[in-house]
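Given only the sequences and the hints, what does the whole structure look like? Please build it.
Chain residues, written in single-letter form:
Protein chains: 2
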Amino acid sequence: MEFSSKLLENAVYEMSQLPGIGKRTALRLVLHLLRQPETQTQHLVKALGTLREDVKFCKKCHSISDVEICDICSNPNRIQDIVCVVEDIRDVMAIESTGQYRGLYHVLGGKISPMDGIGPQDLKIHTLVEKVKSGQVNELIFALSATMEGDTTNFYIYKQLEGVEVKIATIARGIGVNDELEYADEVTLGRSIINRIPFENALKSS
Amino acid sequence: MEFSSKLLENAVYEMSQLPGIGKRTALRLVLHLLRQPETQTQHLVKALGTLREDVKFCKKCHSISDVEICDICSNPNRIQDIVCVVEDIRDVMAIESTGQYRGLYHVLGGKISPMDGIGPQDLKIHTLVEKVKSGQVNELIFALSATMEGDTTNFYIYKQLEGVEVKIATIARGIGVNDELEYADEVTLGRSIINRIPFENALKSS
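Here the protein sequences come in this chain order: H and P.
The numbers in UniProt numbering rise by one with no breaks, and the one at position 131 of the first sequence is 131.
The numbers in UniProt numbering rise by one with no breaks, and the one at position 1 of the second sequence is 1.
For the record, the hints were derived by calculation from the structure and aren't laboratory data.
Please note: incorrect hints may appear among the correct ones.
As the list makes no split between identical chains, a pair holds if one copy fits it or if it spans any two.
With a Cα cut of at most 20 angstroms, we get these calculated PhoX-like pairs of lysine-lysine [as the list claims (entries may be wrong)]:
1) 131 <-> 60
2) 133 <-> 204
3) 60 <-> 6
4) 124 <-> 23
5) 6 <-> 59
6) 56 <-> 6
7) 124 <-> 60
As the structure is a computational prediction, the values presented were derived from the model and not from experiment.
Below, the structure is given as structure tokens:
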């Protein structure tokens, strides 16, 4: 791409550094901003800048928060000794939106992924292990994605906690509600058969 | 979506104001920035802010430029009396990349679109009409998209120039090079038959 303006080229380049945004899309976005009132760009720039500078992470669960201890961790009505282990804040938001979970969270900040150069020391695993070892936790629920990296991370944490008295569970994998059997992949379908549950339990949860 | 942080919510909101970026994508982009070094956000914010503040438009063709008269308009080797009328700078870049055009451009900044509240006075039509009336232009080439809005804009400019001596052309519509006939839509195929060209001319241009 040949640009007639260095300023434009630079803005497009920086925009295209975002994931899933190629040069063409970046150009479209930047030209859109140029067509809108200047205030829109100012607001965007300010919101991103302020977030990056002032962002805080909850001291207990490492989720993004505007205060030292986030709303969930500081809520006395939440069950204090059940901790759900998730990858990032999107998973917290997704689980919260189900309204089915009343315990606390622990945000790892990613998954162990040697391919991307992410090891255990890059994640908030140490604080989780400490938390469990100090006896505050009765049950851990792994809610990482069911990928190689997710499974590796689960297993790593599990090994770290060997000998520690804590219940460890992982969220159920299976056919999604309303999904058709014929379109499910074999692994998921296989797991949902191996991990079948008594019909009476299913009746209760629906 | 329920956010645990006002700063995050605000950044996601501003990001989702961009075209084609919904709340979920905006959240993904913002979380990506949080995971990257702070410098990446700083560079993005700076590039967008500087562009919006310092952006200049060429006084002759209204294309984006870092100087008063853009490189194309100030190039004495370009044919000075042929002007290609386009919607925005992306079209200039697309046509330039063909290497087939040696004339000048006129960037309208959009198309007449009553549905979006864009009238002729919102576009750089007046300066184009002036330019043509002053006798600087021998041939105008309309290169707007072949939509209702593009056709309306072409026709509006055409009417404004009634009685003015200037050749007016529009870029050819037809089956794309390497496209299969059976997949072409009827309107395009119909136009390509009506506007058929002598085979000898086709031989020359290929």
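Hints numbered earlier in the text: which of these fail when held up against the supplied structure? 2, 4
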